[in-house]
Structures are given as structure tokens and as C-alpha cells.
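Trainee: As a plain string of letters, each chain reads:
Number of protein chains: 2
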Amino acid sequence: MPQKPLGLAVKAVIVDDAGRSLLIRRSRANRNFVGQWEWPGGKSDPGEAFDVALKREVLEESGLQVEITGVAGALGYEMPAVHVVLLCLEARVFGGNLRLSEEHDEFAWVPFGEYPRMALVDNIRAFMLEYAAREGTKK
Amino acid sequence: MPQKPLGLAVKAVIVDDAGRSLLIRRSRANRNFVGQWEWPGGKSDPGEAFDVALKREVLEESGLQVEITGVAGALGYEMPAVHVVLLCLEARVFGGNLRLSEEHDEFAWVPFGEYPRMALVDNIRAFMLEYAAREGTKK
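Top to bottom, those sequences are chains V and F. Those letters in the first sequence? Residues 1 to 139, by the numbering used here. Those letters in the second sequence? Residues 1 to 139, by the numbering used here.
Heads up, some of the hints might be wrong.
Identical chains share a label here; the pair holds if one copy fits it or two copies do between them.
Straight-line alpha carbon distances no greater than 25 Å define the calculated SDA-like cross-link-like pairs of lysine to any residue that follow [to be verified]:
1. 138 x 46
2. 4 x 48
3. 55 x 35
4. 138 x 30
5. 4 x 136
6. 43 x 17
7. 4 x 105
8. 43 x 69
9. 138 x 57
10. 43 x 5
11. 138 x 33
12. 138 x 32
13. 138 x 49
14. 138 x 78
15. 138 x 102
16. 4 x 67
17. 4 x 59
18. 138 x 60
If you are wondering where the hints come from, they were derived from the structure by calculation, not from laboratory data.
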């Protein structure tokens, strides 16, 4: 990690009233992880606050307006030119209409108990499963 | 969380070659958690990147120059006027000399196995213990 620049990315675990969370599927417009499911989110811009970045990325990728309700956790992973620090935040919808960008071709509201059977993005799959297992047993 | 503004804070788990991590004890110059042990760190300034904030805060509080080596995790907690999102990063020393600011009055290099017997800061004690338990069994 030391040699590469660090980048901050954010993702939203958006949960509805039924306890299901929003997953979106990466389309062929992406270079990697095509066909795999992920939480909406993306890179923060230089100088951009993490919560502003989260709302912007979620709106771009899902059409939804969200507010942050908690912290899911954080992890790091390597990309070719950068080491990414990924901050995952819990959020809920307060406006907007679900509409995907070209980066995704499908969405699903998924109970945490069903995460193990989903093709989750390889790079944070372990984290998503761990979080889902923790949340799924909370009730 | 929705009503209050969000703030980003960062803390460093600084580990030495013997696998011990740096804890510093909060002095009476603080309004809360006096006498409790914590990882160095603090609030990021508006527009300041998280890694810049971490290096600045660690230098201010410990006199040490560190580089980030990994991600320990993240959690949220409430303060009177703000909801804090705390990003905890793993780091190692590459320069500087250990010297505390007036905010702390003692330091210790502590093996993760000894965390349970330390008076850790109340607000993130559970997280620190969980992390230490995970790290302590890695070898």
C-alpha cells in the first residue's frame, strides 16, 4: 500500500422497510466484475466529503436520494494504480426513483439471508457476506 | 444520525516490529474519557483527505511520522453536536520521535492480547477489543 496513492471510495447499504438491501448488477460497460452484484457507490472526488460523495454516487447509479443512517464498516483493496480505502455506510431512501445508469443492468432488493447465493463482487465479497451474516441475525 | 451533521474522524493503529500497538492516555486537558487509552487520531478538517488528516493528527499527538499500511475498520458514534464516522487505519512509523501533546499524559506499546485489561476509551472500546481479538489470533 505505501507506494501507491490512496483513494477513498464509499458504498451504501440501502435498506428498505422490509429489511431488504439494494444490490445492483455490473453491466458490460465495466472493465471488471461484469455480472456481479454490488452496493451502489463509487470514488470520492478530491476534497469532496465522504457523505457528499455517497449521495452523489448513489443518485448517479440508482436515481435514489438517500440519507446516511449508520456505518457498516471499512476495508482496503488493491487496484492497479491505487490502493482503495472503502467506507461502507448504511442508508435509507427519502426520495428519487430507481433508475440505473449504464454501469448496471439489473437491481434487486435482497434479504441479507440470501447474500450467500448471490454472485457478489469478488473484491469485497467476504466483507459483504460477513456484514450480511451479522445483520441477518440481529432481529 | 440524520438530523446532526456528519464528521469524519480517523485513528491509527500503529504497530511496531514486535506486534505491539501504540496506545496513548487522555490527560485532564480533555473534557471526557480522561485517563482512558486510545489510538492516536482526530477529526479531519473540511476538504482534507483522510490520509492527510491521519498523518497530521498522529504527528500532533505522538510526534511520529506514519504511513498507512491497511484498514482496521470503521464505526459510528454520537457526539453532542455531530455524528462521527470514525475510520481506523493501520499504520507504521517511518520517522519522528515519540512526544505527546498536552492532550495525553502517557503512552504504551501494548500487545493486542493485553487490550482486555486496559481502560480503553468508552466510545470505541467494543470495536478496539474486537479488532485486537482478531489481530491477536492472526499469527
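Trainee: Now tell me, hint by hint, if it's right for this structure.
Mentor: For each hint, the structure was consulted:
1. When the C-alpha separation of residue 138 and residue 46 is checked against a cutoff of 25 Å, the pair qualifies neither within a copy, at 36 Å, nor between copies, at 35 Å.
2. For the identical chains of this complex, residue 4 and residue 48 are neighbours both inside a copy (20 Å) and across copies (19 Å), given an alpha-carbon limit of 25 Å.
3. Taking the shortest alpha-carbon separations for residue 55 and residue 35, only the intra-copy value of 24 Å comes in at or below 25 Å, while the best inter-copy value is 38 Å.
4. Taking the closest pair of Cα atoms, residue 138 and residue 30 never come within 25 Å of each other, the shortest separation being 34 Å inside a single copy and 35 Å across copies.
5. For a Cα distance limit of 25 Å, the shortest separation of residue 4 from residue 136 qualifies neither inside one copy, at 36 Å, nor across copies, at 27 Å.
6. Taking identical chains as interchangeable, the C-alpha atoms of residue 43 and residue 17 are never at most 25 Å apart, the minima being 28 Å within one chain and 33 Å between chains.
7. For the identical chains of this complex, residue 4 and residue 105 are neighbours neither inside a copy (32 Å) nor across copies (35 Å), given an alpha-carbon limit of 25 Å.
8. In this homomeric assembly, residue 43 and residue 69 come within 25 Å of each other (Cα to Cα) both inside a single copy, at 20 Å, and across copies, at 20 Å.
9. Taking the shortest alpha-carbon separations for residue 138 and residue 57, neither the intra-copy value of 28 Å nor the inter-copy value of 35 Å comes in at or below 25 Å.
10. Taking identical chains as interchangeable, the C-alpha atoms of residue 43 and residue 5 lie at most 25 Å apart whether they share a chain (13 Å) or sit on different chains (21 Å).
11. For the homomeric pair residue 138 and residue 33, neither the shortest alpha-carbon distance inside one copy (30 Å) nor that between copies (29 Å) is at most 25 Å.
12. Within a single copy, residue 138 and residue 32 get their C-alpha atoms no closer than 33 Å, and across copies no closer than 31 Å, so neither meets the 25 Å cut-off.
13. Taking the shortest alpha-carbon separations for residue 138 and residue 49, neither the intra-copy value of 30 Å nor the inter-copy value of 34 Å comes in at or below 25 Å.
14. With identical chains, the CA atoms of residue 138 and residue 78 are at most 25 Å apart between copies only, with a shortest distance of 21 Å across copies and 31 Å within one.
15. For a Cα distance limit of 25 Å, the shortest separation of residue 138 from residue 102 qualifies neither inside one copy, at 35 Å, nor across copies, at 41 Å.
16. Taking the shortest Cα distances, residue 4 and residue 67 sit within 25 Å of each other only across copies (11 Å), while inside one copy they are farther apart (32 Å).
17. In this homomeric assembly, residue 4 and residue 59 come within 25 Å of each other (Cα to Cα) only across copies, at 21 Å, whereas the closest approach inside a single copy is 29 Å.
18. Taking the shortest alpha-carbon separations for residue 138 and residue 60, neither the intra-copy value of 31 Å nor the inter-copy value of 40 Å comes in at or below 25 Å.
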